[in-house]
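Enquirer: Chains as they are written, first to last, in UniProt numbering: chain A, 1 to 438; chain D, 1 to 438.
For the record, the hints were derived by calculation from the structure and aren't laboratory data. Please note that a few of the clues may not be correct.
[Claimed, not checked] Below, in silico cross-link-like pairs of lysine-lysine (DSSO-like), each with a Cα-Cα straight-line distance of 30 Å or less:
| hint | chain 1 | residue 1 | chain 2 | residue 2 |
| --- | --- | --- | --- | --- |
| 1 | D | LYS424 | A | LYS74 |
| 2 | A | LYS351 | A | LYS364 |
| 3 | A | LYS265 | A | LYS199 |
| 4 | A | LYS214 | D | LYS424 |
| 5 | D | LYS351 | A | LYS186 |
| 6 | A | LYS214 | D | LYS74 |
| 7 | D | LYS364 | D | LYS351 |
| 8 | A | LYS214 | D | LYS214 |
| 9 | D | LYS74 | A | LYS424 |
| 10 | A | LYS214 | D | LYS351 |
Everything numeric in this text was worked out from a predicted model, so none of it was measured.
Number of protein chains: 2
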Amino acid sequence: MGGLAEHNCEVLLENTLKVSCMKIGVEEEPEIQAAVRVLLGGLGEDVNREGYKQNVNDIVEGALFPEAGLEDDKVGEAGGTGGIVIVRDLNLYSSCESCLLPFQVECHVGYVPSRQRVVGLSKLSRVADVFAKRLQDPQRMADEICLALQCSIEPTGVAVILECLHIHFPTLESTIVDPSQEGWKKVVVSSGSGVFENKEAGNDMWTEFFRLLKMKRLVADRIQKSISTGHWCPSQAPSISAIPSDMVSAVATILRTLGEDQLRKEVIGTPARFLNWLINFQTRDFKMKLDGFASKIWEPRKSDGDMKGNMKIHSELNLPLRSQCEHHLLPFYGVVHVGYFSAVGMTPIGKTILQSVVHFYGSKLQVQERLTKQIAETMAPLLGGDIIVVAEASHTCMLSRGVEKFGSSTVTIAVLGRFSTDPKARALFLESLPFTEL
Amino acid sequence: MGGLAEHNCEVLLENTLKVSCMKIGVEEEPEIQAAVRVLLGGLGEDVNREGYKQNVNDIVEGALFPEAGLEDDKVGEAGGTGGIVIVRDLNLYSSCESCLLPFQVECHVGYVPSRQRVVGLSKLSRVADVFAKRLQDPQRMADEICLALQCSIEPTGVAVILECLHIHFPTLESTIVDPSQEGWKKVVVSSGSGVFENKEAGNDMWTEFFRLLKMKRLVADRIQKSISTGHWCPSQAPSISAIPSDMVSAVATILRTLGEDQLRKEVIGTPARFLNWLINFQTRDFKMKLDGFASKIWEPRKSDGDMKGNMKIHSELNLPLRSQCEHHLLPFYGVVHVGYFSAVGMTPIGKTILQSVVHFYGSKLQVQERLTKQIAETMAPLLGGDIIVVAEASHTCMLSRGVEKFGSSTVTIAVLGRFSTDPKARALFLESLPFTEL
Numbered sequence: 001m002g003g004l005a006e007h008n009c010e011v012l013l014e015n016t017l018k019v020s021c022m023k024i025g026v027e028e029e030p031e032i033q034a035a036v037r038v039l040l041g042g043l044g045e046d047v048n049r050e051g052y053k054q055n056v057n058d059i060v061e062g063a064l065f066p067e068a069g070l071e072d073d074k075v076g077e078a079g080g081t082g083g084i085v086i087v088r089d090l091n092l093y094s095s096c097e098s099c100l101l102p103f104q105v106e107c108h109v110g111y112v113p114s115r116q117r118v119v120g121l122s123k124l125s126r127v128a129d130v131f132a133k134r135l136q137d138p139q140r141m142a143d144e145i146c147l148a149l150q151c152s153i154e155p156t157g158v159a160v161i162l163e164c165l166h167i168h169f170p171t172l173e174s175t176i177v178d179p180s181q182e183g184w185k186k187v188v189v190s191s192g193s194g195v196f197e198n199k200e201a202g203n204d205m206w207t208e209f210f211r212l213l214k215m216k217r218l219v220a221d222r223i224q225k226s227i228s229t230g231h232w233c234p235s236q237a238p239s240i241s242a243i244p245s246d247m248v249s250a251v252a253t254i255l256r257t258l259g260e261d262q263l264r265k266e267v268i269g270t271p272a273r274f275l276n277w278l279i280n281f282q283t284r285d286f287k288m289k290l291d292g293f294a295s296k297i298w299e300p301r302k303s304d305g306d307m308k309g310n311m312k313i314h315s316e317l318n319l320p321l322r323s324q325c326e327h328h329l330l331p332f333y334g335v336v337h338v339g340y341f342s343a344v345g346m347t348p349i350g351k352t353i354l355q356s357v358v359h360f361y362g363s364k365l366q367v368q369e370r371l372t373k374q375i376a377e378t379m380a381p382l383l384g385g386d387i388i389v390v391a392e393a394s395h396t397c398m399l400s401r402g403v404e405k406f407g408s409s410t411v412t413i414a415v416l417g418r419f420s421t422d423p424k425a426r427a428l429f430l431e432s433l434p435f436t437e438l
Numbered sequence: 001m002g003g004l005a006e007h008n009c010e011v012l013l014e015n016t017l018k019v020s021c022m023k024i025g026v027e028e029e030p031e032i033q034a035a036v037r038v039l040l041g042g043l044g045e046d047v048n049r050e051g052y053k054q055n056v057n058d059i060v061e062g063a064l065f066p067e068a069g070l071e072d073d074k075v076g077e078a079g080g081t082g083g084i085v086i087v088r089d090l091n092l093y094s095s096c097e098s099c100l101l102p103f104q105v106e107c108h109v110g111y112v113p114s115r116q117r118v119v120g121l122s123k124l125s126r127v128a129d130v131f132a133k134r135l136q137d138p139q140r141m142a143d144e145i146c147l148a149l150q151c152s153i154e155p156t157g158v159a160v161i162l163e164c165l166h167i168h169f170p171t172l173e174s175t176i177v178d179p180s181q182e183g184w185k186k187v188v189v190s191s192g193s194g195v196f197e198n199k200e201a202g203n204d205m206w207t208e209f210f211r212l213l214k215m216k217r218l219v220a221d222r223i224q225k226s227i228s229t230g231h232w233c234p235s236q237a238p239s240i241s242a243i244p245s246d247m248v249s250a251v252a253t254i255l256r257t258l259g260e261d262q263l264r265k266e267v268i269g270t271p272a273r274f275l276n277w278l279i280n281f282q283t284r285d286f287k288m289k290l291d292g293f294a295s296k297i298w299e300p301r302k303s304d305g306d307m308k309g310n311m312k313i314h315s316e317l318n319l320p321l322r323s324q325c326e327h328h329l330l331p332f333y334g335v336v337h338v339g340y341f342s343a344v345g346m347t348p349i350g351k352t353i354l355q356s357v358v359h360f361y362g363s364k365l366q367v368q369e370r371l372t373k374q375i376a377e378t379m380a381p382l383l384g385g386d387i388i389v390v391a392e393a394s395h396t397c398m399l400s401r402g403v404e405k406f407g408s409s410t411v412t413i414a415v416l417g418r419f420s421t422d423p424k425a426r427a428l429f430l431e432s433l434p435f436t437e438l
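Model the full structure from these sequences, guided by the hints.
Expert: And the structure:
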């Protein structure tokens, strides 16, 4: 927590920002305008509910309970003094200050009680949530949670570890070239105060904190390394000419409405980065590219229809999927499984081609139901007409916006031709599906 | 969904109950009164926020999006028609109508779109939440979610599966006798409408739903069996004389305030069952029982102090813990690990005795910090003064009350004597701790 001075406490605890509801007065092309309105609505829900308006002292005050420590004749640490108290595996989500996308946070908080009092456990979670529900950077969030708990509880020390996962949203070009590109960027950050101030390897408090977290995979070394990597957001700075300036102004207005200082150096490029990402899903001449690609490489296999007796089901499983939900402008990600009939002895269609189609339909504003149908309809004529497509995906709109259903996933299915009329064929394919961790 | 007739739809969708805030005008002994006030506060938060006051039509209306189905020249199911859409692994919690304790729910919802429209995915979660945030029985909850979705979306069919976990809160007597008594009661229930109406083995729609849930362990047979077990709540009916009638009236008032029909046959015994469970934590003569028990069986091992050179750490891991949070009157559960020095060659103290002490301090209103300290302080004189106690627990108050942090757990530690002054001894014990699934 090195850089944060003590006088920050009061600001942090009382930071009831004046949130004003300003209207966007900028003219954009209607489609983009509608999209930004949806986004503003989504973010606006947060403004009214949590985050910037919350006051940490209000949360903690009234939840500090007297709890006797050890009696004088005993040597040790327990109860209201000295024994560490940890709440681990708190699922949070936050929004990246650099690109506005939500990111997932696994949060672990520990503190060492003093002054013969303990804090209600749920308050550790609520305070962490206050700082998560803002535009954030992982290290800053860890520092803010740590400082706020230190100032409000006044314990012997506070330790915070955040494991953050940011979706790595590839550009269209990079996915076509390299479909296997990793989907996530992970950083682990920590912050400590009091007895946790010093994070060097020799600090027994940190060593015990790690042991009690059962994070054997996580060593102090790696945390230090993560901290030093600096900027973590995988979004790319756009070429300035690519983004119309009135759109940038519109997104800047959103940030101002949220109570953000738009001139803060971490945030100043955010509107452009967000729009760069958004515009990737508006590329209209890409359809033509795919058509050209298809006519050159794919040979429709009409002859297959005459050989039904010798057909077997070929499965192409776990094709990576990334897309963007058109209702909330938020990413969803997962896998697609494709099944089709293939004549015995024939070479199945290449995985690369199927992956390209998945990326093509993923790379626009979508709903998962439509995406699944489009993949099936595009591939069907090239595969003899009989096809089954199953998509499994996690939707970040199910994490944020007050729903907060961590770990949930959505499955959709499209069946054409024989897969629709023959339950046995469908069953045979569905039984071949792997267990998926999303 | 057999028993629910179509005319229930309107009632279910429009059920904006009149919730009045009535004051409890009953005189009880102050301690119990305070406890009931805390409970009312906790439940009251829910009344003002979600559950009884929510209207399913408000949630779904505006989230039905037109989505084209397959074109006329194609045979199959996809998009806005016929392809099943599933949202799986939604974590919910609900409150048992029989004993008022919260129970966990893993919810899986599927529907088959029709009329060329789909519903926003998060709405499936929100509708399920409306019916979870009431006093519930698993089968009734599944039927209500199913009926509400069928009536509001009007799809070809709806399928709902709920995996419910109810804490099995043992009585003091049963835990002392049998500390290994299983902590959870699990039931799986399902409900279907439209193409899912018939749950027999031959229904392809159910078969596919299961396959897409990847619930290979879950067969239709077992669901049918769970449904037929009837009453699932493990709370016990008390002997009438044991519960003061004014306390029963106080809890009945809480139910009325929530908008519940107190005369409904499932709820009529709830106040007595809840109080029976609460009173288990108020048994005051139990301390004496433990003291008598201890003086007979345990021999303080003072001689150990002279043999420090030949001592080794003995660990007793994973002692089951059940207790009740005094801030919210809600259960917490987990395991306790105890470490102490034992002279080489000496028989370690029996696991049964340690387990009895854990149960003794668990069987009252507690905070985890104090519980951990009390176990350490009670056992220390009998174990030569050097002891380390680590408690790991999940708190149901972290699930309910708006926090809803599923999967989080709390770790507390107490160290006495040598474990407090010797970091190496502490480290040796902490390294021996197993990975725990809570």
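Enquirer: Please go over all the hints and tell whether each is borne out by the structure.
Expert: We went through each hint and held it up to the structure:
1. D:LYS424 - A:LYS74: holds, 20 Å
2. A:LYS351 - A:LYS364: holds, 21 Å
3. A:LYS265 - A:LYS199: holds, 28 Å
4. A:LYS214 - D:LYS424: holds, 18 Å
5. D:LYS351 - A:LYS186: Violated: LYS351 (chain D) and LYS186 (chain A) sit about 42 Å apart, past 30 Å.
6. A:LYS214 - D:LYS74: violated, 54 Å
7. D:LYS364 - D:LYS351: Judged against 30 Å, a Cα distance of about 21 Å means the pair holds.
8. A:LYS214 - D:LYS214: holds, 29 Å
9. D:LYS74 - A:LYS424: Cα-Cα ~20 Å, so holds.
10. A:LYS214 - D:LYS351: holds, 24 Å
When each numbered hint is compared with the structure, violations occur for hints 5, 6.
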